[in-house]
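First to last, the protein sequences are chains H and G.
First residue of the first sequence? That's 927 in the numbering used here, and the numbers climb one at a time after it.
First residue of the second sequence? That's 761 in the numbering used here, and the numbers climb one at a time after it.
Derived from the structure by calculation, the hints contain no laboratory data.
Remember, predicted model here, so these are calculated numbers, not experimental data.
Hints are supplied without guarantee of correctness; some may be wrong.
[To be verified] Mimicking PhoX-like on lysine-lysine, the simulated pairs with C-alpha atoms at most 25 Å apart in a straight line are: (1) H:Lys1016 with H:Lys979; (2) H:Lys959 with G:Lys771; (3) H:Lys959 with G:Lys816; (4) H:Lys1025 with H:Lys1001; (5) H:Lys974 with H:Lys959; (6) H:Lys1016 with H:Lys999; (7) G:Lys822 with G:Lys771; (8) H:Lys1001 with H:Lys979; (9) H:Lys1016 with G:Lys816; (10) G:Lys816 with G:Lys831; (11) G:Lys771 with H:Lys961; (12) H:Lys974 with H:Lys1001.
Each chain, letter by letter, is given below.
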Amino acid sequence: MSEELGYREEHLENIINIYLDGEVDIYSAPSFKEKIYSTAESSEVDLKVYCDKLRYIDSTGLGIFVGALKRVKQKQKDIYLSGLKENIKKLFTITGLDKVFKIEE
Amino acid sequence: MDNIQLCLPLKAEYVSIIRLTASGICNRIGFDIETIEDIKVAIAEVCNKLINVGGKSVEYLKIAFKISKDKLTVVFDCEDSSLKCIFAGEENEFGLAIINALMDEVELCTQEYILSMSKVIEGNK
């Protein structure tokens, strides 16, 4: 059945690194949302999401990234996305979110 | 024309099964990996929307993969005949933007089914 999304956080002094592994779809989205929103609300630093092992995302996942960004922006912080695969980067471009997030190679 | 039909409970946990099936069918047709990824996402977007709007009134989702010489057409339907315009009034939503960008033809709000979308088979473009 649907696989769980691997989610790991690394809290450093000036940034929180988040490592994703697997797929963000309508099934795995609720637990991903809970974790990243909780971190976005409680942190006072930038978030950097490592997507090297993120194989799939759809609009449900994009919506969660936007929700998390709104939460960190309230504290003048940002979300950096790193290692997006081409098929995923394409979705950020289609939706215009490539201009909203700080996307790194 | 070959017609492959899927009928599944409209539940979030089965969307990955639909994606896997779509992937297998697209691979059989000979689409490249990038196109297969695009079709998978477009199909999942429709499923997600149906799960959100269909709620408990819809038990089963029916998907038909119609393979002709020049294109793959994916048709979505369910037993609730009142559910037709699932993306109505949401032109700016991510889901519909993604579907329109990734598929070659998208037919919304028809009398016969919920949504139909097609991808032209390479070499026939």
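Check your understanding: For the pair supplied as a hint, Lys1016 (chain H) and Lys979 (chain H), is the alpha-carbon distance within the 25 Å limit?
Key -> Measuring from Cα to Cα gives roughly 16 Å; hence the hint holds.
Review point. Lys1001 (chain H) and Lys979 (chain H): Cα distance at most 25 Å?
Key: Given pair Lys1001 (chain H), Lys979 (chain H) is violated - Cα atoms ~28 Å apart, limit 25 Å.
Point to revise | Agreement of Lys1025 (chain H) and Lys1001 (chain H) with the hint, judged by alpha carbon distance not exceeding 25 Å | key: Roughly 19 Å between the alpha carbons, so the hint for Lys1025 (chain H) and Lys1001 (chain H) holds.
Review point. Holds or violated: Lys959 (chain H) with Lys816 (chain G), Cα cutoff 25 Å?
Key: Holds: Lys959 (chain H) and Lys816 (chain G) sit about 23 Å apart, inside 25 Å.
Review point. Straight-line Cα separation of Lys974 (chain H) and Lys959 (chain H) no greater than 25 Å?
Key: 16 Å, holds
Check your understanding: If you draw a straight line from the CA of Lys771 (chain G) to the CA of Lys961 (chain H), is it 25 Å or shorter?
Key -> Cα-Cα ~22 Å, so holds.
Exercise for review: Decide if the proposed pair is consistent with the structure: Lys1016 (chain H) and Lys999 (chain H), CA atoms, cutoff 25 Å inclusive.
Suggested key: 24 Å, holds
Check your understanding: Would the pair Lys1016 (chain H) and Lys816 (chain G) pass a check requiring their Cα atoms to be no farther apart than 25 Å?
Key -> Distance of about 33 Å is beyond 25 Å: violated.
**Study point:** Hint consistency between Lys816 (chain G) and Lys831 (chain G) [alpha-carbon to alpha-carbon, up to 25 Å]
**Key:** Roughly 33 Å between the alpha carbons, so the hint for Lys816 (chain G) and Lys831 (chain G) is violated.
Check your understanding: Are the Cα atoms of Lys974 (chain H) and Lys1001 (chain H) separated by 25 Å or less?
Key -> 15 Å, holds
Review point. Lys959 (chain H) and Lys771 (chain G): Cα distance at most 25 Å?
Key: 19 Å, holds
Check your understanding: Regarding the pair Lys822 (chain G) and Lys771 (chain G), is the alpha-carbon distance no greater than 25 Å?
Key -> 12 Å, holds
The structure is inconsistent with the numbered hints 8, 9 and 10, although it conforms to all the rest.
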